[in-house]
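*Asks:* First to last, the protein sequences are chains A and B.
Position 73 of the first sequence, counted from 1, bears residue number 73 in the working numbering, the numbering being contiguous throughout.
All you need for the working numbering is the position in the second sequence, starting with 1, plus 250.
Simulated from the structure, these hints should not be mistaken for lab results.
You may find that some hints are simply not true.
Unchecked claim - Sample of chain B residues lacking proximity to chain A, with all beta carbon distances greater than 10 Å (derived):
1) Gly316
2) Gly323
3) Arg500
4) Thr541
5) Glu599
6) Ser608
7) Ala620
8) Gly628
9) Asp633
10) Ala645
11) Asp661
12) Met671
What the hints assert, rightly or not - Derived DSSO-like pairs (lysine-lysine); straight-line CA-CA distance at most 30 Å:
13) Lys100/A x Lys570/B
14) Lys122/A x Lys635/B
15) Lys136/A x Lys595/B
16) Lys108/A x Lys570/B
17) Lys595/B x Lys570/B
Backbone N, C-alpha and C fix where the C-beta goes; we use that ideal spot for every residue, glycine too.
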Amino acid sequence: MLEVKDLKASIGGTEILRGLSLRVDAGEVHAIMGPNGSGKSTLALVIAGHSDYEVTDGTVEFRGKNLLELEPEERAREGIFLGFQYPVEIPGVNNAYLLKAAVNAKRKHQGLDEIDAFEFLKLAREKMALLGMDPKFLNRGVNEGFSGGEKKRNEVLQMAMLEPSLAILDETDSGLDIDALRAVAEGVNSLRAPDRAIVLVTHYQRLLDYIEPDHVHVLSEGRIVRSGDKSLALELEEKGYDWVREAANG
Amino acid sequence: MKSPTLSIDALKKVVAALPEDNLAASRRAALDQLRQDGMPGSREENWKYTDLSGAVAIANRWLEAGAKMPRAGVAAADDIVRTIDADWVVIDNGQVDAQAVHETVIAGVEIKRLSGSVEQLTPSGRLGDLNAALLRDGLRISIAASTELARPIGILIVDRADSAATVSQIRVDIDVAANSTASFIEYHTSSGDAELYSNSVINLTLGDGSRADYVRIQDRDRVHEQTGYQSVTVGRDAKLRHCAFDFGGRLIRNDLVIDLANPGGNAEFAGLYLIGDGQHIDNHTRTDHRTGPTESRQEYRGILTGKARGVWNGKAIVHKGADGTDAEQANHNLVLSNNAEIDAKPELEIYADDVKCSHGTTVGQLDETALFYLRTRGLSQHDAKQVLTRAFAQAIVGKSPISSLHDFLADRIAGRLDQLMQETDV
């Protein structure tokens, strides 16, 4: 589904990704771990199409299409979803309005009619119940005055409504208490499907107790230095990131 | 730049030809005052950014051509009267619509011509003198004590300039007596290809314990000019909720002067200006806290594109002894082009000790992070910009005190923003 080859990317002249390769197939859950500054968030943002990052080398293909040629909105409509590490507060833009606009942008791209207002509300309420969100959040400004946990639930709500083919969740577990973490994990797990792939970007192993990955990659200094199954995450938790850095350098 | 010069000789002739009614003495007094004071010029701090020479030139051409006052024709206003729910009175090219005055029968409300109800016009600055000197007639709207109005009273100011320079003077005195609640919509519209200058004076007096909700909408033709002066005197424990929207006009200068001279007086006011290429919109507010406890809160917002020029100047004066004053000012601007210019200036003058005052001004562009966020949800760049711009403006609609106007305002704002965004091609 996603094929990243020798990707190099920089921001303001500083190279962050230094030849990263990654292959994600449908039905898989990947976890990308690594210390702060290793390039985890950069990878997520480059795949989503953030214009601050300049791709200097390498390729990113999504279902055989050259992703790097597409605008962020085109990538979204093609089925890529980025769950933000810091979801943006947008005062004055109604949460329901954004959800609906997002769903309809994708439907239009697929040649479908706009979603029926009643259907939309029913679906949104269903997903919110699953995430333990009060339906009143629909009528609030996007993330406006939301707590950290509410913002992350709201990201997962958007993902659940959009049903992406590839979901990249950037530090979705950071700042969550245990209840919120469970709710978010449950939301993510409910989306696991044979035709969908999920990439979890995380600093800590904790999230992986709730969402079991098929593959774990360790990122260091802009490259994947180690890949394995879920036991790699546990090993990492035990030995710390220095172990990886040493292994990579040595 | 010096002060633009009004053609006093032509003005004198025109004033002399106006009817010898109750207002005649006020007209002559205003003329004398004008002869002494002249028009505001750009050397004055208050007029530094707004040059009235264009408006004065229109006035001179109109005066020298005999100061004709054709009727605009009320038909031009039909749309607004049909769309916005209110009891409307119409002022047509500066002339009070006699029919409207006679037909408006609202319990607790008296609407009279100024010529038939006042001895002397309230002095209202130099543009107020120009207004008084040339005033045919104005309106006096009185709300009786302890009245609660069910519908807003609408003051529809319609101007039309078809073939020659046209000038209109509008004057309305409004009294809301003690313990009454009333809402008002002041709507300015104009049409026609010729040049037009409209000059209005609205004096609002709020009795003790009263409340006025006031919305001013200015949607003039993009080649017309306007100066508008509004004073508000706030009684003891009285409340003003004021919101102003500027969409049209070539040169627009609004002055809102609020006097808080009684304990418990409270004024919340807000404004929104959407300015495109070739437009100049200036909002000056002045709030006098003469005693405490009194409270004033204002927030103006602007969106500018093309070579738009905006001015916001919010002045709050806390006079000696006005302890317990709470004054807050905010002005936020969204600048969508490289050539637009905004001069934003909060001013606080404090002569009392126990006061709470704050101000904040921002000038910025659309938030890139929010734009990216929306695009990752599938919204096109254009739609994302539109959504953020509307949301920025909508915050002021939320502050507008007459909720029956909210849908109308949201539609008008959306329409105007679409135009502005097309012009700048953002």
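*Asks:* For each hint, tell me whether it holds in the structure or not.
*Replies:* Consistency of the hints with the structure:
no., hint, verdict
1, Gly316, "51 Å, holds"
2, Gly323, "39 Å, holds"
3, Arg500, "29 Å, holds"
4, Thr541, "35 Å, holds"
5, Glu599, "32 Å, holds"
6, Ser608, "19 Å, holds"
7, Ala620, "5 Å, violated"
8, Gly628, "3 Å, violated"
9, Asp633, "7 Å, violated"
10, Ala645, "6 Å, violated"
11, Asp661, "16 Å, holds"
12, Met671, "16 Å, holds"
13, Lys100/A x Lys570/B, "55 Å, violated"
14, Lys122/A x Lys635/B, "29 Å, holds"
15, Lys136/A x Lys595/B, "39 Å, violated"
16, Lys108/A x Lys570/B, "64 Å, violated"
17, Lys595/B x Lys570/B, "23 Å, holds"
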